[in-house]
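Peer 1: What follows is each chain in one-letter form.
2 protein chains.
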Amino acid sequence: MADAPSMDVVVSLCKRRGFVFQSSEIYGGIGGFWDYGPLGVELKNNIKQAWWRATVQERDDVVGLDASIIMNPRVWQASGHVDTFADPMVDCKSCKRRFRADELVEHKHEAESVHGQAVDIAGVPCPDCGGELTEPRMFNLMFKTYVGPVEDSASVAYLRPETAQGIFVNFDNVLTTSRRKLPFGIAQIGKAFRNEITPGNFIFRDREFEQMEIEYFVLPGTDEEWHERWIQERFNWWTGLGVRKEKLRIREHTEDELSHYAKRTVDIEFDFPFAGFAEIEGIANRTDFDLGRHAEHAGRELKYFDEESDQHIVPYVIEPSMGVDRCFLTVLIDSYAEEEVRGEKRTLLRLHKELAPIKVAVLPLSRNEKLVPTARRVWDLLRPRFMTQYDDAQSIGRRYRRQDEIGTPLCVTVDFDTLDDEAVTIRERDSMEQVRVPIEGLVEALREKLGGA
Amino acid sequence: MADAPSMDVVVSLCKRRGFVFQSSEIYGGIGGFWDYGPLGVELKNNIKQAWWRATVQERDDVVGLDASIIMNPRVWQASGHVDTFADPMVDCKSCKRRFRADELVEHKHEAESVHGQAVDIAGVPCPDCGGELTEPRMFNLMFKTYVGPVEDSASVAYLRPETAQGIFVNFDNVLTTSRRKLPFGIAQIGKAFRNEITPGNFIFRDREFEQMEIEYFVLPGTDEEWHERWIQERFNWWTGLGVRKEKLRIREHTEDELSHYAKRTVDIEFDFPFAGFAEIEGIANRTDFDLGRHAEHAGRELKYFDEESDQHIVPYVIEPSMGVDRCFLTVLIDSYAEEEVRGEKRTLLRLHKELAPIKVAVLPLSRNEKLVPTARRVWDLLRPRFMTQYDDAQSIGRRYRRQDEIGTPLCVTVDFDTLDDEAVTIRERDSMEQVRVPIEGLVEALREKLGGA
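Just so you know, the protein sequences line up as chains H and X, in that order.
The first sequence lines up with residues 1 to 453 when you count with the working numbering.
The second sequence lines up with residues 1 to 453 when you count with the working numbering.
Hints should not be assumed to be uniformly reliable.
Copies of the same chain look alike in the list, so a pair counts if it fits in one copy or across any two.
[As the list claims (entries may be wrong)] With a straight-line cut-off of 27 Å between C-alpha atoms, the simulated DSSO-like cross-links for lysine-lysine are: (1) 15 with 303; (2) 245 with 449; (3) 48 with 353; (4) 181 with 15; (5) 191 with 48; (6) 191 with 144; (7) 353 with 15; (8) 370 with 181; (9) 15 with 191; (10) 181 with 263.
Hints in this document: simulated from the structure, not taken from any laboratory.
Everything numeric in this text was worked out from a predicted model, so none of it was measured.
Chain H on its own, in the form it takes in the complex (with noise of 0.2 Å):
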């Protein structure tokens, strides 16, 4: 088995089997935009359910939120975005090329972009023509548009550029509503963009992307308590998924690379075949930073009433926050693999159960006339409980081939003695084991193997 594929096998995969298309391909696509196929919808649809029911069903102390891409632009100077979220650019002076300033000295983390920080490029030329360069300009990453008929200052917005802003300007709603008491989260899963000079990488990093993010608040003085506890919480979020953990490490933020509004943060990496380890997730500590800025910017109180100690206090915040295309990329990688069975090479997909798109294939032995209304009377009992194909397309080996490529845990195959006995065999991805099982217990069975996804 290889230890870790590289990019080029991975994209081909995706490419070729429908889990992700370039965005407008038939145009020429468009550089940080993509799109799911088929299968990969339903990966990634896997995932965020995973993490819902995780962070919100499963948790008694978190509610689930969705606010809107578009938000009151007020929002985006009150966080700080609007000033700060931006990255130096550079113009070359001779071939009127732009350039990304940090991208042009060399930098600790090469997957990693750290938006907001002045570069010092002093003596450093033009890397197309040799020229003389600007001095950087910040460049916000905010893709900027216009509310109403109107297009001048006052109906200028932004396409957020993270969901966490949506759950502190809701602090006051969620807590009215829900009456909840501390320490409670908010998780709110959505599109972000970011205008971002370079993306790469494939999903790695794009324009438009999908986050999963907590906002978990806390008395002040247990924050740090409730950081801990968090980035347990969400290694093991990753472990659980089938993610080898010696794949895994947790870095610390240094000094440097701390937001302005963070007093600790913690990324859970993961080593990538194109940049080593890179985050995979960020777990900061906010503390009250947010709701002290919208209080400020809004002009209301955004507080919380202790009752132990009888007074009005601000929370801190913990924030698990991570991205859905980052998310999918990972458990693909880590999940990737090749065997060789009896002297042929197998591609699989060791996907956990709970994410493979697919969870069964119904395989007819072959499309002999006599097999096919069995087979599809199989797959309309099971089509409606779980995620089926069919597929009665070349011999079995082929088809069993093409379900190990694309994750399927279980195939059903449905041969000439099924007419007899109305038995079927189940067969497993990874082992490769087949068990023989009526129909009349093949919900069950399935329902078994799968552990209830």
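Fit chain X to the known structure of chain H by using the hints.
Peer 2: For chain X alone, coordinates are given in the frame of chain H:
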């Protein structure tokens, strides 16, 4: 029971119980944008999952897709949106205010906005100052933004005004990777944006909304038959979710209102309290218009090889298209009821079990310290399996009412007898019937009552 609640009653319930909040409310909001609170996000997710299950999982001929919101702008030139997706606007020559021309004249369908149509406003004065109005000028309804560091015409992009085009441009990718034969469909759920001049009626017409669309590709000549089948199919979906048949109607588009791409369009309409019958889903025969336009603009064939006729053909398309937010409003209004129970009023949402945000509420009879550990144990048992809520505040009667008001189908009460007999009471929302069930068999009993939801 009130036949139909007023909008005020529904909006107030949404705000009070955390279904829907005004976006960026602490900053005075932003017109046409809404946030979904803890209960709203669950209801919305349940609507989307019910649609996906019926459309993608349970059918054998539809696969899913999730295309990006920002696409190559040539997509919108090909689709005609750059040229024709516009509303006529007029300015007052005296007071300089701007109006939507079609709102200054009477129109047939109050709640509908028919985009891209010319309007004759000859002789109509400014509704504000009585001054003279300019000729109508077309105002494009797509939100515009810029991709990359330079804001110029070469970097203009749009937020998609519909999800449909993301499907058409992926027709070939999906066809190739999923090896489909006609007829087959591609289904998609995702955000879309329209810069409406006059958003309104709560979440009925938003600037940011979510669509659920199917493009169903068929052999030309079979399109009329498939259109009929989809009209029936989609109507049944609405009634299957519990929406009352007498509140729905099917309305044929007149020749006047038919879009330029449509051979025939039928709307499913719901009887809204503020507007009378208005569209909740459109089912259009788009012919080969879209694939034809994209083939022309992209300069490549978008065809299907039909083995029977041994020819490459451009499929026809049947499009069932609906909005998640409008569906949300429909099921809320339709399920809202007020009843007298023993001289007291109760408000309830008779939501379909599959849609209810909370499936089960766990209610200890009181906060008595002997009850709490058992009640928590029951909650811990149920939480991994169902969306649950724990409520121990105020009288049990009040808590039943609170659950009725948010549509929770089942309440589980833990009382002092439970400490002796290890049994609890299940109370049903609509009938208010109560049955006693041992904790050991509780999960099974609830699962049965929820019908697998």
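Peer 1: Now look at each hint and say whether the structure bears it out.
Peer 2: So, going through the hints one by one against the coordinates:
For the identical chains of this complex, residue 15 and residue 303 are inter-copy neighbours only, at 20 Å across copies versus 49 Å inside a copy, given an alpha-carbon limit of 27 Å. Proximity of residue 245 and residue 449 under a CA criterion of 27 Å is satisfied intra-copy only: 24 Å inside one chain copy versus 41 Å between copies. For the identical chains of this complex, residue 48 and residue 353 are neighbours both inside a copy (14 Å) and across copies (22 Å), given an alpha-carbon limit of 27 Å. Taking CA atoms no more than 27 Å apart as the test, residue 181 paired with residue 15 passes between copies only; the shortest distance there is 20 Å, against 47 Å inside one copy.
Proximity of residue 191 to residue 48 under the C-alpha cut-off of 27 Å is found in both arrangements, the shortest distances being 12 Å within a copy and 16 Å between copies. Within a single copy, residue 191 and residue 144 get their C-alpha atoms as close as 15 Å, and across copies as close as 17 Å, so both meet the 27 Å cut-off. For the homomeric pair residue 353 and residue 15, the shortest alpha-carbon distance inside one copy (22 Å) is at most 27 Å, but the shortest distance between copies (38 Å) is not. Taking the closest pair of Cα atoms, residue 370 and residue 181 come within 27 Å of each other only across two copies (22 Å); inside a single copy the shortest separation is 63 Å, beyond that limit.
Taking the shortest Cα distances, residue 15 and residue 191 sit within 27 Å of each other both inside one copy (22 Å) and across copies (24 Å). Taking identical chains as interchangeable, the C-alpha atoms of residue 181 and residue 263 lie at most 27 Å apart only when both belong to the same chain, with a minimum of 23 Å there against 57 Å between chains.
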